[in-house]
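Trainee: Quick note, my numbering runs 7 ahead of the 1-based positions in the sequence shown.
Don't take each hint at face value.
Unchecked claim - Straight-line Cα separation of at most 30 angstroms, DSS-like style, residue types lysine-lysine; simulated pairs:
#1 Lys282 to Lys226
#2 Lys225 to Lys282
#3 Lys362 to Lys293
#4 Lys293 to Lys276
#5 Lys260 to Lys282
#6 Lys416 to Lys362
#7 Lys282 to Lys293
#8 Lys225 to Lys155
#9 Lys226 to Lys362
#10 Lys276 to Lys266
Claimed, not checked - Here are the computed distance ranges between Cβ atoms for each label pair:
#11 Pro150 to Pro216: 16 to 24 angstroms
#12 Asn55 to Pro431: 35 to 43 angstroms
#13 Lys416 to Leu156: 50 to 58 angstroms
#14 Arg498 to Val268: 46 to 54 angstroms
#15 Lys260 to Asn94: 50 to 58 angstroms
#16 Val268 to Phe480: 26 to 34 angstroms
#17 Asp54 to Pro216: 31 to 39 angstroms
#18 Lys416 to Pro373: 21 to 29 angstroms
#19 Arg578 to Glu418: 30 to 38 angstroms
#20 Pro123 to Pro216: 15 to 23 angstroms
#21 Arg498 to Asp548: 25 to 33 angstroms
It is worth saying that the hints were derived from the structure and are not from the lab. Only a predicted model underlies this, so the values are computations on that prediction, with no experimental measurement involved. Glycine included, C-beta positions come from ideal geometry on N, C-alpha and C.
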Amino acid sequence: MKTTNPRVVAVVVAWNRQDLMIQTLNGLACQTTVPQAVVVIDNASTDNSRAIAKEHEVVDEVLTMPENLGGAGGFAAGIARAVNHWNADLVWIMDDDTVPTDTALAGLLEARRRYPGQPAILVSKAIWTDGREHPMNRPRPRPLLDPKLARRAEEIDTIPIRTASFVSIMIDRRAIVEDGLPKADYFLWNDDFEYTARLLRHRVGLYVPYSVVVHKTKKFGDSSADPGPRFVNEVRNKLWMYTRSHALNPVEKALYSGKSVLRWGLTVKNSADPKALLVFAVEGIKQGTRPPRATVEVLAHTPVAHDVQIVEADAHLAFANENEPFTVLTSVYAGDDPQQFERALVSITREQQLKPDQVVLVQDGPVPDALQESIDRATEIAGQPIDVVRLAENQGLACALEAGLKIAKHEIIARADADDVSLPDRFAKQLPLMRGRDLIGSAIAEFDRNENQWGMIRVLPAKHHAIAKTARFRDPFNHPTVVMRKSALERAGGYQHLDRMEDYWLFARMIASGARTANIEEPLVAYRVGAGAYARRGGRDLFDSELELQRNLLRIGFVTPAQYVRNVVIRAGYRLIPTVVRKTLYQGVGTLSWFRRG
Numbered sequence: 008m009k010t011t012n013p014r015v016v017a018v019v020v021a022w023n024r025q026d027l028m029i030q031t032l033n034g035l036a037c038q039t040t041v042p043q044a045v046v047v048i049d050n051a052s053t054d055n056s057r058a059i060a061k062e063h064e065v066v067d068e069v070l071t072m073p074e075n076l077g078g079a080g081g082f083a084a085g086i087a088r089a090v091n092h093w094n095a096d097l098v099w100i101m102d103d104d105t106v107p108t109d110t111a112l113a114g115l116l117e118a119r120r121r122y123p124g125q126p127a128i129l130v131s132k133a134i135w136t137d138g139r140e141h142p143m144n145r146p147r148p149r150p151l152l153d154p155k156l157a158r159r160a161e162e163i164d165t166i167p168i169r170t171a172s173f174v175s176i177m178i179d180r181r182a183i184v185e186d187g188l189p190k191a192d193y194f195l196w197n198d199d200f201e202y203t204a205r206l207l208r209h210r211v212g213l214y215v216p217y218s219v220v221v222h223k224t225k226k227f228g229d230s231s232a233d234p235g236p237r238f239v240n241e242v243r244n245k246l247w248m249y250t251r252s253h254a255l256n257p258v259e260k261a262l263y264s265g266k267s268v269l270r271w272g273l274t275v276k277n278s279a280d281p282k283a284l285l286v287f288a289v290e291g292i293k294q295g296t297r298p299p300r301a302t303v304e305v306l307a308h309t310p311v312a313h314d315v316q317i318v319e320a321d322a323h324l325a326f327a328n329e330n331e332p333f334t335v336l337t338s339v340y341a342g343d344d345p346q347q348f349e350r351a352l353v354s355i356t357r358e359q360q361l362k363p364d365q366v367v368l369v370q371d372g373p374v375p376d377a378l379q380e381s382i383d384r385a386t387e388i389a390g391q392p393i394d395v396v397r398l399a400e401n402q403g404l405a406c407a408l409e410a411g412l413k414i415a416k417h418e419i420i421a422r423a424d425a426d427d428v429s430l431p432d433r434f435a436k437q438l439p440l441m442r443g444r445d446l447i448g449s450a451i452a453e454f455d456r457n458e459n460q461w462g463m464i465r466v467l468p469a470k471h472h473a474i475a476k477t478a479r480f481r482d483p484f485n486h487p488t489v490v491m492r493k494s495a496l497e498r499a500g501g502y503q504h505l506d507r508m509e510d511y512w513l514f515a516r517m518i519a520s521g522a523r524t525a526n527i528e529e530p531l532v533a534y535r536v537g538a539g540a541y542a543r544r545g546g547r548d549l550f551d552s553e554l555e556l557q558r559n560l561l562r563i564g565f566v567t568p569a570q571y572v573r574n575v576v577i578r579a580g581y582r583l584i585p586t587v588v589r590k591t592l593y594q595g596v597g598t599l600s601w602f603r604r605g
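Let the sequences and hints guide you as you build the complete structure.
Mentor: This is the structure:
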C-alpha cells in the first residue's frame, strides 16, 4: 500500500445510509493506493452516519451540515474543504452508496500519469451489484473531438468525455480554482451535469474503464424513470443550466434542451400519475425563472463557509492578513438625509467585525444645518476618529472622492455611500481576499424604508474573466461595495468626472490597465433605493453621460465599434424611455440576468 503523489483528498457525501456508507469507507480503506485524506460531509443525517464516520479508521474529518443540502450542496462543501483546508491537488468525490474496488484510485492515477496532458476530470466505471455497467452513471462521450486528442485517450485505454455524474470522479484542483464549485442551490439532480460540463467545456475529461466502483442503488436503471416530486428539481435545474450557466456552448444548449423536452414528455407519458408530474413540471418552471442563489450564500451558515468563500473568490493562493490597514472613503452632500447618514456611518465603524483603521469623510459643499450637525459629530457617532475634508463648493462625487484619496493613509480603500448600510461582516469578508487582487465588490440587497426587509438582490459576476466580459456592456461592480488598491486606482487615472457614471468609467479603466478583480456573490451592503430611483436612471442628462461614457470606452479600445453601437442603441436608448417602462424593463431583465428576490 502506498500514499498518493500528487495529494489526493477523497470526499464522501452521506445522508441516512449508514450501512452503505460503511461499505464505502471500507472500500476507501482497502485501496492499493490510499488518498492522503478522507473527508465525510454529513448532510444532517438522522441515523448514525455521523458517529460511524467519526469512528472509522480511514476518515480524517467529518463535517455535519446544519440541514440537508442535497448532493449539490454536499459536494460543493466537500470540494471547498478539500481544496482550501486539506490542500488537495486532486479531489476524488463519491456518494455514500458507492463502493470503490481496491484499485479504483490507482486506476485513475495511472490514467492521469500516462496521458500526455493534464485532464481536468477522470471518471471511474460504475457497475451495479450484478456487474453490469450502471446506466445512471455512464458519462457522455465528447463529440466532434480532434482526432489527435481522441488517439491520445485511446492509447491509454480511456474515452474522452463531455460530462459525468458525481459517482467516483477525480477533479484537478486547478480546474476548481478557475471555475469554482458546484451550484449548491441545485440541491439535487443535474448539479453534476452542470458542474462537469462547466469544467470540461474547454478542458479534457477521461472515462477510465479500469477504475471500477460499485454503485449500490436500489434499482438498476435510470433514476428518472418516474421521478415524483423530484421532477421539480429536474425541470428547474435544467432551465437554470440552459438559461443561466456557461457550461454548454450555444449549439449544445439547443441540442440538450430539445432532448430534455422530449425526455420530459416521455417521462410524463409513462408515469403512473402524469397529472402530478405536470404539476411538478409547472412548479419547476416557476422556480427556474429566478436565478439560483450563490453557493457562498447557500453555504454561508455551514462549517465550510470560509472555505467556500475563498475557493469561489478564486483567491485561496492569495489570502491576506486580516490586520492589513485600510481606509474607508465616503462623501456626503446637501441632498443626503442626516438620519440616513448617521446610520451609514455607524454601519461602517461601530458595527463592523473588522473595523477600519481610518475613515475619510468628504463634505461636498455646504449642507443644511441638521446634516452639518451630524457631520460635526461624526467622531462621536462612529466611536473612532473621522478625518473630514470640507469642500467650499459642491464639486460632484468624482472630485469629492479624489479629495478624500489625497489624505487616505492606506493602500486599501473601501468605498461606502452616505445612505447605505454595510453589513457587520462586510470588511471581515472582503479584506482577507485583497491580497493578489486590486478590486473586489459584492452583491447588494435593495431596500426602501426598512433595511431588514430586502427586495431585489443584485448579484454580479464573481470571476475576473466574467467581470471583464460584462464590463463591455454594463457596470460589473456595485460601487458602494467595492474595496480597491489605491495604487491600482491611481494607475488607471483615478476618479474622473462623468455625471452619475464616474464609477463605471473608473472600473473600465482599471480593468483595461490590468487590475485583478473579483466579486463576492452574497450581499454585503443594504442599498437604499427609495422614491425616484427609476426616474434617476433616465433623462437627458444621463443620456448625455451615457454617450460620453461610450465614446470614452471606444476611444481607449475597451469596446469594439460593434459593441459601441450596441451599447448606444440599448443603453443610451434606455435613458430616454418613460420611467414606468424603464422600471418594468429594469426589473424584468434584471430578474432574468442578475437579480433575485431577497
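Trainee: With reference to the structure, classify each hint as holding or not holding.
Mentor: Status of the hints after comparison with the structure:
| no. | hint | in the structure |
| --- | --- | --- |
| 1 | Lys282 to Lys226 | holds (24 angstroms) |
| 2 | Lys225 to Lys282 | holds (26 angstroms) |
| 3 | Lys362 to Lys293 | violated (42 angstroms) |
| 4 | Lys293 to Lys276 | holds (21 angstroms) |
| 5 | Lys260 to Lys282 | holds (28 angstroms) |
| 6 | Lys416 to Lys362 | holds (15 angstroms) |
| 7 | Lys282 to Lys293 | holds (17 angstroms) |
| 8 | Lys225 to Lys155 | violated (40 angstroms) |
| 9 | Lys226 to Lys362 | violated (56 angstroms) |
| 10 | Lys276 to Lys266 | holds (15 angstroms) |
| 11 | Pro150 to Pro216: 16 to 24 angstroms | holds (19 angstroms) |
| 12 | Asn55 to Pro431: 35 to 43 angstroms | holds (38 angstroms) |
| 13 | Lys416 to Leu156: 50 to 58 angstroms | holds (54 angstroms) |
| 14 | Arg498 to Val268: 46 to 54 angstroms | holds (50 angstroms) |
| 15 | Lys260 to Asn94: 50 to 58 angstroms | violated (36 angstroms) |
| 16 | Val268 to Phe480: 26 to 34 angstroms | holds (30 angstroms) |
| 17 | Asp54 to Pro216: 31 to 39 angstroms | holds (34 angstroms) |
| 18 | Lys416 to Pro373: 21 to 29 angstroms | holds (27 angstroms) |
| 19 | Arg578 to Glu418: 30 to 38 angstroms | holds (33 angstroms) |
| 20 | Pro123 to Pro216: 15 to 23 angstroms | holds (19 angstroms) |
| 21 | Arg498 to Asp548: 25 to 33 angstroms | holds (30 angstroms) |
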